[in-house]
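A.B. asks: Each chain is listed here by its residues.
2 protein chains.
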Amino acid sequence: KGAVGLLIRSIGTDSHRLAHTGVGLSTTQIANDPAMQKRAIKLKDGSLIALTAVPAAALSNPDADQLERLLQLAQPVRVKLTIDSALGAEYTSYNVVGEVLGRELPDECVVIGGHLDSWDQGTGAIDDGAGVAITMAAAEIIAKAKQRPRRSIRVVAFANEEQGVFGGREYVRANAKVIHAGAAESDFGAARVYRFDYRVADRFFPAIQQIAGVLHVLDIEQGGNDAGGGADVGGLGAVGTPIFELQQDGSDYFNLHHTADDTLDKIDAKVLDQNVAAYVVLAYLAADAEQRMTAPEQ
Amino acid sequence: KGAVGLLIRSIGTDSHRLAHTGVGLSTTQIANDPAMQKRAIKLKDGSLIALTAVPAAALSNPDADQLERLLQLAQPVRVKLTIDSALGAEYTSYNVVGEVLGRELPDECVVIGGHLDSWDQGTGAIDDGAGVAITMAAAEIIAKAKQRPRRSIRVVAFANEEQGVFGGREYVRANAKVIHAGAAESDFGAARVYRFDYRVADRFFPAIQQIAGVLHVLDIEQGGNDAGGGADVGGLGAVGTPIFELQQDGSDYFNLHHTADDTLDKIDAKVLDQNVAAYVVLAYLAADAEQRMTAPEQ
Numbered sequence: 024k025g026a027v028g029l030l031i032r033s034i035g036t037d038s039h040r041l042a043h044t045g046v047g048l049s050t051t052q053i054a055n056d057p058a059m060q061k062r063a064i065k066l067k068d069g070s071l072i073a074l075t076a077v078p079a080a081a082l083s084n085p086d087a088d089q090l091e092r093l094l095q096l097a098q099p100v101r102v103k104l105t106i107d108s109a110l111g112a113e114y115t116s117y118n119v120v121g122e123v124l125g126r127e128l129p130d131e132c133v134v135i136g137g138h139l140d141s142w143d144q145g146t147g148a149i150d151d152g153a154g155v156a157i158t159m160a161a162a163e164i165i166a167k168a169k170q171r172p173r174r175s176i177r178v179v180a181f182a183n184e185e186q187g188v189f190g191g192r193e194y195v196r197a198n199a200k201v202i203h204a205g206a207a208e209s210d211f212g213a214a215r216v217y218r219f220d221y222r223v224a225d226r227f228f229p230a231i232q233q234i235a236g237v238l239h240v241l242d243i244e245q246g247g248n249d250a251g252g253g254a255d256v257g258g259l260g261a262v263g264t265p266i267f268e269l270q271q272d273g274s275d276y277f278n279l280h281h282t283a284d285d286t287l288d289k290i291d292a293k294v295l296d297q298n299v300a301a302y303v304v305l306a307y308l309a310a311d312a313e314q315r316m317t318a319p320e321q
Numbered sequence: 024k025g026a027v028g029l030l031i032r033s034i035g036t037d038s039h040r041l042a043h044t045g046v047g048l049s050t051t052q053i054a055n056d057p058a059m060q061k062r063a064i065k066l067k068d069g070s071l072i073a074l075t076a077v078p079a080a081a082l083s084n085p086d087a088d089q090l091e092r093l094l095q096l097a098q099p100v101r102v103k104l105t106i107d108s109a110l111g112a113e114y115t116s117y118n119v120v121g122e123v124l125g126r127e128l129p130d131e132c133v134v135i136g137g138h139l140d141s142w143d144q145g146t147g148a149i150d151d152g153a154g155v156a157i158t159m160a161a162a163e164i165i166a167k168a169k170q171r172p173r174r175s176i177r178v179v180a181f182a183n184e185e186q187g188v189f190g191g192r193e194y195v196r197a198n199a200k201v202i203h204a205g206a207a208e209s210d211f212g213a214a215r216v217y218r219f220d221y222r223v224a225d226r227f228f229p230a231i232q233q234i235a236g237v238l239h240v241l242d243i244e245q246g247g248n249d250a251g252g253g254a255d256v257g258g259l260g261a262v263g264t265p266i267f268e269l270q271q272d273g274s275d276y277f278n279l280h281h282t283a284d285d286t287l288d289k290i291d292a293k294v295l296d297q298n299v300a301a302y303v304v305l306a307y308l309a310a311d312a313e314q315r316m317t318a319p320e321q
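One line per chain: the protein sequences are X and F, in this order. Using this note's numbering, the final residue of the first sequence is 321, and nothing's skipped along the way. Using this note's numbering, the final residue of the second sequence is 321, and nothing's skipped along the way.
Hints are not guaranteed to be accurate.
Since copy identity is lost for identical chains, a pair holds within one copy or between any two.
Derived lysine to aspartate or glutamate pairs resembling EDC-like cross-links, with alpha carbons at most 16 Å apart [said to hold, decoys possible]: (1) K67 to E113; (2) K289 to D86; (3) K289 to D37; (4) K289 to D272; (5) K169 to E127; (6) K289 to D88; (7) K200 to D130; (8) K200 to E131.
It should be emphasised that the hints constitute simulated quantities derived from the structure, not laboratory data.
From just these sequences and the hints, can you work out the full model?
C.D. replies: Here it is as structure tokens:
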């Protein structure tokens, strides 16, 4: 007979009695699997979401250790799962978009942002309050600068990233005609940025070198021309937008993310300042480039 | 009007969403306060225990931070306390005592031990499973030694330390006629021992130097003649028993103790070995001393 339940060790690096949550099935997985599509629920916008076929839950690492010790006794082990999560009613949430208009080409924009939603156990300080705060703060500094960059800077606080990048996908759909001069998201906590990655056509390397040179002052090294873009702006990359990534130190990210420990006390304001400064540099210089950067030719 | 509830920040050094538990009122506090005695409940053995006059609870540090931020907004803050703890029925638990009989003076003994009970959130690995394990393991090694020490070694797993040292107090009462040649408890987690303290009459310093000399091999330094003895053996000290203390590194103790995080994964077996070795040295040499040590004259 098939499984009656699924119990996993949390995908986390901590040793606390706090389980990590998350989704069982991504929208991408569903799109690639006809069997999942059959079980999936179609939302009003045509998106498919799916519940796992069996009740699923995650144990904290110490609890998984304990279960392993019990199993090693080679006696029958009985686990009672009481799970009260369920798919609620469908509702509409919104991307929140703000713009600092460019001085010469206001219809072209560089997107920076994070996502608005978070899992329910914590307060979402690092996933992804920090990303929204960093990119909003960077745009505010640019808005107050003596001279604005040539192009606009658009800060997007994406809706519902966690359950399947709903906001990120809708942003791409709704802004298909907008000329995007670049996109970068902050969605890996609040630790310091250590590397600058990018994905642009080779002829824009001089502009990249200029950005990298200024980021170097913030102790950020230059990476390579292979940035992926993350969940929310990855879709913009897929339709030809140049992608930038300010890689953050993730040493403690998987101690905290998707747990009750994702709270404001985990954030160091000084380190957040370094992130904000890095986004100011990146967004300003990308938006101010003499020639609009484009993605590598396919 | 008086307080309707008591909400405190956990007495802990961690930054996790796990509150620290504990007792509100100690038996010592009750003994010294007639008002508390009036509210106290008398147990069958004559002990008094007390409930706080108002419902009391502890917040984790991140939650206390959040409450402080809310209070700083200078808006009314309402907290709903749902507390389902209660004083249950009185029951009898037991000290568990084992002895390694001495080869010459089996009626005289050195007590080592920890306490059996723990708070309910965690599994009590560091408070105080480790202490019971360390002292039992030390006694087992001594029991298997080629030559036993002159006096007996008694391992005591004390009952109900957490709610008011019930086992420790009963041990003193029930063993008033036993000749104790020393007492040491392990009740501060499972980290390495760094210092050896003691409380003996000055004329026994040569015997102390001998013990300290061997402990030095385990990277344990010699402390002073001012050991307190801890909760469970402190009572033996108060009636004239020489006290020894193997002080442990407590850097992470108050991250874990009395929380759900008090679990076995927090214990390093190699470090536990150093503790066991230290108790072997201390218990063996104290029990084998040519002249039985006694406490300082009052």
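A.B. asks: For each hint given before, does the structure comply? Return the numbers of the non-compliant ones in rising order.
C.D. replies: Hint check: nothing fails, all pass.
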